[in-house]
Amino acid sequence: MKSKAFSLWTIGVLGLMVAGCSDTHLIGATNVSKQDLGTSAHDVNIYKLNNLVCDPMGNSGSLGLGYGLKAELFYTNGTNYDAVQDYMDHGTKAEFDLFYSALNVPTRAFSLGFPTETGVMVKDDQGNDLVEYFGLRFNTHFQLGEADEPGVYEFAVLSDDGTIIRVRDGEGTARELVANDGDHPTRMGCSTSTLYVDHNSLIPMEIDYYQGPRYHISLVPLWRKVDEQRQAEPLCGRQGNSLFFDSTNNSKPQQAYLDLMNRGWKVWEPENFRLPAGAGFNPCVEGEMPLITEFTVIDSLDGEITVSWTTDIPSTAQVRIVDLGTGQETVTDSDNVLRTSHSQVIRGLVPGNEYSLQGISISDSYGKARSEEVFLVPLYN
1310 MKSKAFSLWT
1320 IGVLGLMVAG
1330 CSDTHLIGAT
1340 NVSKQDLGTS
1350 AHDVNIYKLN
1360 NLVCDPMGNS
1370 GSLGLGYGLK
1380 AELFYTNGTN
1390 YDAVQDYMDH
1400 GTKAEFDLFY
1410 SALNVPTRAF
1420 SLGFPTETGV
1430 MVKDDQGNDL
1440 VEYFGLRFNT
1450 HFQLGEADEP
1460 GVYEFAVLSD
1470 DGTIIRVRDG
1480 EGTARELVAN
1490 DGDHPTRMGC
1500 STSTLYVDHN
1510 SLIPMEIDYY
1520 QGPRYHISLV
1530 PLWRKVDEQR
1540 QAEPLCGRQG
1550 NSLFFDSTNN
1560 SKPQQAYLDL
1570 MNRGWKVWEP
1580 ENFRLPAGAG
1590 FNPCVEGEMP
1600 LITEFTVIDS
1610 LDGEITVSWT
1620 TDIPSTAQVR
1630 IVDLGTGQET
1640 VTDSDNVLRT
1650 SHSQVIRGLV
1660 PGNEYSLQGI
1670 SISDSYGKAR
1680 SEEVFLVPLY
1690 N
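The working numbering numbers the first residue of the sequence shown as 1310 and each following residue consecutively.
Be careful, since some hints might not be right.
[What the hints assert, rightly or not] Distance condition first, Cα-Cα at most 30 Å in a straight line; then the derived DSS-like pairs of lysine-lysine:
(1) K1534 with K1379
(2) K1575 with K1432
(3) K1534 with K1575
(4) K1402 with K1379
(5) K1432 with K1402
(6) K1561 with K1575
(7) K1379 with K1561
(8) K1379 with K1432
(9) K1561 with K1534
Treat the hints as calculated values from the structure; they're not laboratory data.
Small disclaimer: the values here were computed from a predicted structure and weren't measured.
Whenever a hint applies, use it, and build me the whole structure from the sequences.
Structural data, given as structure tokens:
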């Protein structure tokens, strides 16, 4: 992504990426474009890109706005617990929105952490990237895919470290389906009960997972249909970082995993995850992405900065603001009106601070685009 820097003497066409000053809440923005090509079907202010983490473990590409899992992230600042509930009870909840298209993480090293959609890493209170000592609580509704057969199913999970899968009944009461808790290399945990699932079923599920000490992670939920010839799975309770996958060779499936597939086990597919109604929509879908051009900023020298750009398809407008001195990041509110000509007036920047600015546009199908990055030191407030 390109960036530009402008001399303070070049007044009138300055590009800006606005970031919060010490009083970030004082920054304000007003949409000033008169064009109106409709209203976005989804409120883009609910999940702003600087607060949004999409598929940090891979498997990107949700089937649609109504599919996927919403997750909560907890961290313990280096304290290790050996039970997933302890991460929820004693950890600090990260104030970010996490969405996953699916869960299929074969054994591998994990060092990428949790980047937001603007490229900023989620950190613990000591400023460390979260690659260990964290817990995740996923919420979704499990359903059959088009090709899945109705029937009675058993469930399992391959995970490093602990995982507990629960289902909720019509009264909201949770029941443990799979228990695979504790510190361990990739281990297969199996259900002790079964579920009947048909094409009318929409089963609320909660999946709790934690990662203790680095480096390996895995999280692969499995299921298989129960039939009269079913025998107990011999690999239940077996564990080893190289038993199911070779983490040193692109997570290549090993014979134990291939044997599971031959015995009828399947990985949960993206179509099996229906987003809970309370989540609204999955903002991590990859819709038609707008093309941003003609990105400019005008400093009127009276405390107002006008940021303008165009897009090739109707989309919303927000401005990402970063204070380069403090690193504080702000994304302005959108009026959720779809336009191809965009303009916002920014107020409240601190004179003398250096800022970086990008325009953000999101199409009605939730394709997301950011403009080139531009820098400015405002002269007046």
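Verification of the hints:
1. K1534 with K1379: 26 Å, holds
2. K1575 with K1432: 34 Å, violated
3. K1534 with K1575: Holds - the C-alpha atoms of K1575 and K1534 are around 9 Å apart, at most 30 Å.
4. K1402 with K1379: Satisfied, since the Cα-Cα distance of roughly 14 Å is no more than 30 Å.
5. K1432 with K1402: 11 Å, holds
6. K1561 with K1575: 17 Å, holds
7. K1379 with K1561: 28 Å, holds
8. K1379 with K1432: 19 Å, holds
9. K1561 with K1534: Answer holds: K1561 to K1534 is near 25 Å, not above 30 Å.
Violation of the numbered hints given earlier is confined to hint 2; every other hint is satisfied by the structure.
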